[in-house]
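Using the sequences provided together with the hints, build the complete structure.
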Amino acid sequence: MTNLAAILDDTTAKYPERTAIVFGDTRLNYAQVNGAANQVANLLVSRGIKPGDKVAISIPNLPYFTIAYFGILKAGAVVVPLNVLLSEREVAYHLDDSGAVAFIAFEGTPDLPIGDRAWAGFNEVEACKEFFLIKLDSAAPEPMEPPEFYGPLVAQQSPEFTTVERDDDDTAVILYTSGTTGQPKGAELMHRNLRANAALGTSLFGADENDPDTYLAVLPLFHIFGQTVIQNGAFLYGGTVVYLPRFEPEAALALLLKEKITFFAGVPTMYWGLLQALAASDGSIDVEAIAKTIRTAAAGGAALPADIHRQFEEKFGIVIQEGYGLSETSPVASFGVRGEEVRVGSIGRPVEGVEMKLINDDWSDVPHDPEAIGEIAIKGHGIMKGYYNRPAATAEAIQGEWFRTGDLARKDDDGYYYIVDRSKDMIIRGGYNVYPRELEEVLMTHPAVSLVAVIGVPHESHGEEIKAVVVKNADDPTTEAELREWAKGQFAQYKYPRIVEFRDALPMTATGKILKREID
1 MTNLAAILDD TTAKYPERTA IVFGDTRLNY AQVNGAANQV ANLLVSRGIK PGDKVAISIP
61 NLPYFTIAYF GILKAGAVVV PLNVLLSERE VAYHLDDSGA VAFIAFEGTP DLPIGDRAWA
121 GFNEVEACKE FFLIKLDSAA PEPMEPPEFY GPLVAQQSPE FTTVERDDDD TAVILYTSGT
181 TGQPKGAELM HRNLRANAAL GTSLFGADEN DPDTYLAVLP LFHIFGQTVI QNGAFLYGGT
241 VVYLPRFEPE AALALLLKEK ITFFAGVPTM YWGLLQALAA SDGSIDVEAI AKTIRTAAAG
301 GAALPADIHR QFEEKFGIVI QEGYGLSETS PVASFGVRGE EVRVGSIGRP VEGVEMKLIN
361 DDWSDVPHDP EAIGEIAIKG HGIMKGYYNR PAATAEAIQG EWFRTGDLAR KDDDGYYYIV
421 DRSKDMIIRG GYNVYPRELE EVLMTHPAVS LVAVIGVPHE SHGEEIKAVV VKNADDPTTE
481 AELREWAKGQ FAQYKYPRIV EFRDALPMTA TGKILKREID
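Mapping the sequence shown onto the UniProt record's numbering, position 53 (from 1) lands on 53, and the numbers just tick up by one.
Because the hints were derived from the structure by calculation, they are not lab data.
One or more hints might be untrue.
Stated by the list, open to error - Here are the in silico distance ranges between beta carbons for each label pair: (1) Pro51 with Gly415: 24 to 30 Å; (2) Glu518 with Gly151: 31 to 37 Å; (3) Thr293 with Asp10: 23 to 29 Å; (4) Ala306 with Pro447: 29 to 35 Å; (5) Leu515 with Ser281: 43 to 49 Å; (6) Glu355 with Asp96: 34 to 40 Å; (7) Asp414 with Arg246: 36 to 42 Å; (8) Gly415 with Asp362: 53 to 59 Å; (9) Asn360 with Arg89: 35 to 41 Å; (10) Glu501 with Asp10: 19 to 25 Å; (11) Asn123 with Asn360: 43 to 49 Å; (12) Pro477 with Val337: 43 to 49 Å; (13) Asp10 with Thr479: 57 to 63 Å; (14) Asn473 with Ala395: 52 to 58 Å.
In this text, all values refer to a predicted model and were calculated from it rather than measured experimentally.
Cβ coordinates follow ideal geometry from the N, Cα and C atoms, glycine included.
Structure below.
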């Protein structure tokens, strides 16, 4: 069967009693997870969800995410994972743009009210008909006409369901990315894309279903890195996923020890945080015990500093494997080779089944020279079908079988790639991609703003921080603090500009383009 959900069906058939999920004191084996996903599929089908329909989910790293994810796939529908930090406006945009007909959301917490924002966004989208709230507390929520509760509805469903057949090229997941410009676009990832990428576990990390890994899910599962490398990779090989809803270094270290984690993947700021927590612990953390267990450490999302490589290897006796990929490539395209000496600053070599090359603006190949710089283009099993309902954007990004990434790099004589810059202005804050144009377009709607440029500035722990440099309309009384507070309500928490600075003018070219490289 080509449905991605078959990885859960197949593993359940072989290892029904093996532990699949750990969250706190909760432990679910594969048979239990499969039965719960079947209940979700039955609920969706009972509400008229058909193969190919889009179902959105807004759930942090909790077992609910994985169960809903596979339940949607089992029903033959398409999963649309939404970042749990999205604002009401952003939720409505994603639901409308994807054409989602149903939405499953977690209630959240007082400081992260996911459910409130999800419900408000849902109510702005007429075409999305079904809303299911995952609520841990039995008390009825506000407003007076509450959404339906996920728990009681799912409990009424049968744990038996026959997974719907899908074709290799059918869309399995629509993952939103801003790409390089404008509003977020939905990358359509096919069943074959995601299965092939998860199957890289053997060649990259030595995954073995007879000696399965225990994975710490601290990377957001709504993001493609965590979703493919951790969740899907684990389930394909019969591994165990230990959930941590929010990255806190002390909690992560405690789980590494308690659950004997063998596989850790994170963005550079997470590795930085772990080392900082160790330094502050005054020797109270049993580093040796963690080092005896952990056998794979993977990093992506941004360049990993040489000092972090060195410190991590000194503490845990393991070399971090650094890789590269994008939402549009499902995601893994290149990785450092297991067992080889780390090449600091390198994103590794193309993985099995993938080709990479450097191109010029006109798609022509850059002649090989270790110092030559070009834009990375990728060909292989992970390339998306295209951007959902955006043929022009798809045609711009894909030519033949090649996808152009927007990232500039060089390649050494051994075939290792090194990112040197981004051809566009994307900012990476704490491992999250932030696209300035999207922010600029919204900031320009504020009556105080005449002109704005959003840039990334260096930050010790986040890698980059977001800064909005604004030319105000004359005589407008708005302060920098007031504009920052307004922006906070317009964007996801990781996305809004923490720094707002007013200036009299912005540097420009003769043709009127803002020279961002001259702004600091």
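Please test the hint of 43 to 49 Å on the beta carbon pair from leucine 515 and serine 281.
The hint (43 to 49 Å, Cβ to Cβ) holds, given that leucine 515 and serine 281 are roughly 46 Å apart.
Does the Cβ-Cβ separation between glutamate 518 and glycine 151 fall within 31 to 37 Å?
violated, 55 Å
Given a hint of 35 to 41 Å, does the C-beta separation of asparagine 360 and arginine 89 actually sit inside it?
This hint holds: roughly 38 Å between Cβ atoms.
Glutamate 355 paired with aspartate 96, Cβ distance criterion 34 to 40 Å:
The hint (34 to 40 Å, Cβ to Cβ) holds, given that glutamate 355 and aspartate 96 are roughly 36 Å apart.
CB-CB spacing for asparagine 360 and asparagine 123 relative to the 43 to 49 Å hint
holds, 48 Å
Glutamate 501 versus aspartate 10 beta-carbon gap, inside 19 to 25 Å or not:
violated, 55 Å
Please test the hint of 23 to 29 Å on the beta carbon pair from threonine 293 and aspartate 10.
holds, 27 Å
Taking 57 to 63 Å as the hint, is the beta-carbon distance of aspartate 10 and threonine 479 inside that range?
Roughly 59 Å apart at Cβ, these two residues keep to the hinted range, so it holds.
Outcome of range test on Cβ distance (alanine 306, proline 447; 29 to 35 Å)
Hint violated: Cβ distance 47 Å, outside 29 to 35 Å.
Within 36 to 42 Å or not, the Cβ separation of aspartate 414 and arginine 246?
Hint holds: Cβ distance 39 Å, inside 36 to 42 Å.
Does the Cβ pair glycine 415, aspartate 362 satisfy 53 to 59 Å?
Given range 53 to 59 Å: violated, Cβ gap about 24 Å.
Starting from the hint 52 to 58 Å, judge whether the C-beta atoms of asparagine 473 and alanine 395 obey it.
violated, 38 Å
Of the numbered hints given earlier, the model fails hints 1, 2, 4, 8, 10, 12 and 14; all others are met.
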